[in-house]
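Visitor: This is what each chain is made of:
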Amino acid sequence: MMDGPIKILVPTGSLGAGAREDEVRYGIARGAHAIATDAGSTDSGAAYLALGISKNNRGSVKRDLTILMRAAADAGIPLIVGTSGQAGGDRNVDWTRDIAVEVAKELGLRPKIALLYCEQEKETLKRYNGAGKVRPLPPLGALDDATIDACDHIVAVMGPEPYIAALASGADIILGGRTTDTAVLASFALLKGASVGASWHAAKIAECGGQCTVSPAASAGVLISIGADGFEVEPLSIENRCSPESVSAHMLYENSNPFLLTEPGGVLDVTDAVYTQLDARRVAVAGSVWKHQSYTMKLEGAGSRRFQTIMLIGIQDPHVLGDVDAFHDRMLAALYDRVHKTIGPAAGDFHISLRMYGWNAVSGDRPPPGTPAPREIGVLFVATADSQEMASQIAKACNPYFFHFPVLMDEELPSYGFAFSPADIDRGPVYEFLLNHVVELEDPMELVRTVWIDMAQGEVA
Amino acid sequence: MVKLKDVCRHVRSKNAGPYWVTFDLFFDGPEKFRDYHDHPALGPDTFQRLYGADPALVRHYPVPSLNMVKISHARISPQGGVVERDMHCGQQFVRLLDVELT
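Quick note, the sequences are listed as chains A and B, same order.
Residues in the first sequence are numbered consecutively from 1, following the working numbering.
Residues in the second sequence are numbered consecutively from 1001, following the working numbering.
Chain A with its partners taken away, still in its complex shape (with noise of 0.2 Å):
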């Protein structure tokens, strides 16, 4: 291990959220080791990884991007990149690639860069499940080949050992695919030969940025410096701060077992986990345990069997919001006839639903009685078919009873408060994740491809 604690400087929560030049300098200034950031998740659903698109817009990743280049280049250490592109599929990685090295050129930087992929192709997929190699994660059963066969893309996600190989052999910069948060800001810390333990509870408490701190809203980094008994943490912007209480908060979010977190070949036990304020910013944890575990990768797969149109109406008349449920059944009722007597049997299996914004969309619930009327509310229409075109198709046979559909039969029709002509807007395919299995693997390497990009090396097509 190097003299003191590994010092790992996390800019942001995400590429793209919005990395402070201030801060990265602070962070270099308080002698950082390396900048680790993840740049995806899945939260934002399946779509990312189906499409292999980003979520962030090209410009917020190449900001970043310049801004961390720029500093680790000037500082001499790595900048480590997970989850690249939001999904970390190989089109998501290749995306970020073309950004770093514009920036490169941009900079007059000669980096060499590692490139991690971990998208797999189905057939390597039907082996090892063949192979008995791939088990389910509640809620899911166990995988066949037909829901394989249904992913646009699958991602095996990343431990640190791909990161670890790639800093050994020399990389100034690692994009890489789809890895877990926490490895892909643990590795550098790993390879230095810090706590296990406290290498990955730091990667965790770390993996938001900011979102560990006081005040989450005024610091868009971290920085994390690991020993060999435990780590400390201090946000990037000097005017904030870390407490005990917020950084032991973070081992909650976005996580189902507070206590627990499962990675490739182990599990973080935080348990007995004591945490220090050290001085007015800065807080120390020490008693986190890595368990070793069989060396497992979760699977990713995301795919579309399903499309949707949508329609968007206004309603102000107090008619309607006297009873808003009612109207919802006595129009939800008339646009399911109005499909089965306009379109029939060719429709298929499909699925409309109404939520009504300003009343009860969010949940779907029943509000209870003497819940007072909303001043109006908004109504999506959702027609869900097996064909972008029949979606479509069901969402203009019921176009008219949507937009006129009475309170009583016997008056005039009301028209409601359409936003957009045309009315109707094709969504596109229902993308799903449709994976929650792990793949058991005997080597951390087996599933992932590392490629270099050395600009040294002469000009980069």
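Since the hints were made in silico from the structure, they are not lab data.
Certain hints may be false.
Straight-line alpha carbon distances no greater than 20 Å define the calculated SDA-like cross-link-like pairs of lysine to any residue that follow [what the hints assert, rightly or not]:
id	chain 1	residue 1	chain 2	residue 2
1	B	1014	A	44
2	B	1005	A	363
3	B	1014	A	365
4	B	1032	B	1002
5	A	55	B	1084
6	A	112	A	70
7	B	1014	A	139
8	B	1014	A	112
Stretch-level coverage of chain B by chain A, calculated; a stretch enters the list once three of its residues show a Cβ under 8 Å from a Cβ in chain A [stated by the list, open to error]:
id	stretch
9	1030 to 1044
10	1055 to 1062
11	1066 to 1074
12	1082 to 1091
Just so it is clear, CB atoms sit at the ideal spot from N, CA and C, and this is done for glycine as well.
Assemble the complex: chain A is given as a structure, and chain B must be docked to it using the hints.
Guide: Quick look at chain B alone, frame taken from chain A:
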């Protein structure tokens, strides 16, 4: 009639991967934590009633050092499905606030 919102200083919900949702209930001090964190009204049946959760897939983790309890359950429809109404589950906590702890 004590409701959850009367004894917690903060309640939040969030997706925990595409298949699970997790609720963090931060009680207002150690007494309220002690008195209410394992109240039967915060058990699996309530999550079945409010969210349609399978009671066998509801997990309950008290964290005394933070006076909080984390409750996680498998989503009845994975994130982003046909009937998705709250992609990140960030609004799911609201239905818990009025749960009565009698």
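Visitor: Indicate, hint by hint, whether the structure satisfies it.
Guide: These are the hints, each one checked on the structure:
Annotation: proposed proximity of residue 1014 of chain B to residue 44 of chain A holds, straight-line Cα distance about 12 Å (limit 20 Å). With a CA separation close to 18 Å, the supplied pair residue 1005 of chain B and residue 363 of chain A stays within the 20 Å bound. Of the supplied pair hints, the one linking residue 1014 of chain B and residue 365 of chain A holds, its CA atoms being roughly 19 Å apart against a limit of 20 Å. For the hint pairing residue 1032 of chain B with residue 1002 of chain B, the CA-to-CA distance comes to about 11 Å; that is within 20 Å, so the pair holds.
Using a Cα cut-off of 20 Å, the hinted pair residue 55 of chain A and residue 1084 of chain B holds, with the two alpha carbons roughly 19 Å apart. This hinted pair checks out: residue 112 of chain A and residue 70 of chain A have alpha carbons roughly 14 Å apart, not beyond 20 Å. Restraint check for residue 1014 of chain B and residue 139 of chain A: satisfied, since their Cα atoms lie roughly 17 Å apart, inside the 20 Å limit. Straight-line distance between C-alpha atoms of residue 1014 of chain B and residue 112 of chain A comes to about 38 Å, which puts the hinted pair past the 20 Å bound.
Restraint check on the stretch 1030 to 1044 of chain B versus chain A: 0 residues with Cβ-Cβ distances below 8 Å, three needed, restraint violated. Under the rule that three or more residues need a Cβ within less than 8 Å of chain A, the assignment of the stretch 1055 to 1062 of chain B holds, with 3 such residues. Counting residues of the stretch 1066 to 1074 of chain B whose C-beta sits closer than 8 Å to any C-beta of chain A gives 5, which meets the bar of three, so the coverage hint holds. Under the rule that three or more residues need a Cβ within less than 8 Å of chain A, the assignment of the stretch 1082 to 1091 of chain B holds, with 7 such residues.
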